[in-house]
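Protein sequence lines correspond, in order, to chains Z and C.
In terms of the working numbering, the first sequence is residues 445 to 646.
In terms of the working numbering, the second sequence is residues 859 to 1050.
A hint or two may mislead.
Derived list of chain Z stretches under chain C, where covered just means 3 residues or more per stretch with a C-beta under 8 Å from a C-beta of chain C [stated by the list, open to error]:
1. 482-494
2. 516-522
3. 539-546
4. 606-617
Far from chain Z by the CB rule (all over 12 Å, computed), these chain C residues [what the hints assert, rightly or not]:
5. Y879
6. F887
7. S913
8. I935
9. V944
10. I948
11. L955
12. I972
13. F978
14. L998
15. A1033
16. M1038
Derived by calculation from the structure, the hints in this document are not laboratory data.
Yeah, the Cβ is synthetic: ideal placement off N, Cα and C, and Gly gets one too.
Read off the chains here:
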Amino acid sequence: MEEFSKGLWKENQIFVTILGLCPALAVTNSAINGLSMGLSTTLVLILSNFLISLLRNVIPNQVRITAFIVIIATLVQVIDFSLAAMLPAIHKELGAFIALIVVNCIILGRAESFAAKNRPWLSILDGAGMGIGFTFALLSIGVIREILGNGSLFNIDLFGPNYEPWIIMILPPGGFFTLGFLLWLIAWYAQKKKIRTQTENK
Amino acid sequence: MENLIWIFVSALLINNFTLTYFLGLCSFFGVTTKIDTAIRLGLANIFVMIITALSVYALNRWVLSYAPYLQMISFIIVIASSVQFVEMAIKKLSPDLFKALGIYLPLITTNCAILALALFTTNKGYGLAEGLVYALGAGLGITLALVTLAGIREESRLLDIPILLQGTAMNMIIAGILSMAFMGFAGLFSSH
């Protein structure tokens, strides 16, 4: 269970290890885009962790990175085609960023640091945990940007016609600002918690 | 000719890969502590991008029109092997340059900007000349963004930044302001 839950918060790949930033900022101009990107990545992460873990004793050590990336590229191509066939609207919205899941550092990172050393079952749990943590991060960035930049959430109008949207939040700079302020909040929370445990120990 | 200039300026400033498309952010935040390393990484990027543009043109022309489902796999293999090849060639031809680029050369394989360049060139249907100009503009644009952020970070070491904001949070906000500045270039070539 520890393998699953560590990815949700303690080792959250976006907020704590700061990996996989490109998709986290590029497609999160609305909550629904963030959610669909997160779920696609989670699916690739679970499948690639599982396959790599199954093959971990077959792949020679010298060519492992190449082998991993070929496995990941194949999976992403499958997801790309299935999204294009089943959800063409979302596929069009995410554009090239579905294909760019291949070079998302989180996936190769988990393959190298976890799946290559652990049993398939544990690797699936690890992939699911990391993926859900990633989806949560993308969703929260997407929700903030959509509410501020468009005055809506999941395309439902929140504030009525008198709301003046902050257009900047759905444009590229808004992505940087949102993540910057989220990291600030997290640092503030971590410091508060540290001070609290210190005073309790005294 | 006008078309080529437009492609170049667009990739360099208006649709800057780093600040507008959010590509290659890992290296953008990871290695921009010094201007010197930022310039080297930028040069390595330009180099690999031009090689990629050439190979993507060849692949699209002779392979992928028959087997489109091989797109992602063939792109990533071509990028990985061309980085490897470029590394060997530079090591043989110019040991000094090899030393200067160091670890950044192999790391470019996993830089999403390179794969994105391959995909964008394909999606836009660029020919050989257009693809090369696009690669050059994108590479220079990344170098520009890297060097600007590195310069600001070098200066900001002397500033009194609140402890909670230090590190990535501050870099994000700096990058946001830079990105806002680059949005101003959108007015160039407005007739198109």
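Okay, the hints, checked on the actual structure:
no.	hint	verdict
1	482-494	violated (count 0)
2	516-522	holds (count 4)
3	539-546	holds (count 4)
4	606-617	holds (count 4)
5	Y879	6 Å, violated
6	F887	7 Å, violated
7	S913	16 Å, holds
8	I935	7 Å, violated
9	V944	16 Å, holds
10	I948	20 Å, holds
11	L955	24 Å, holds
12	I972	8 Å, violated
13	F978	7 Å, violated
14	L998	19 Å, holds
15	A1033	5 Å, violated
16	M1038	4 Å, violated
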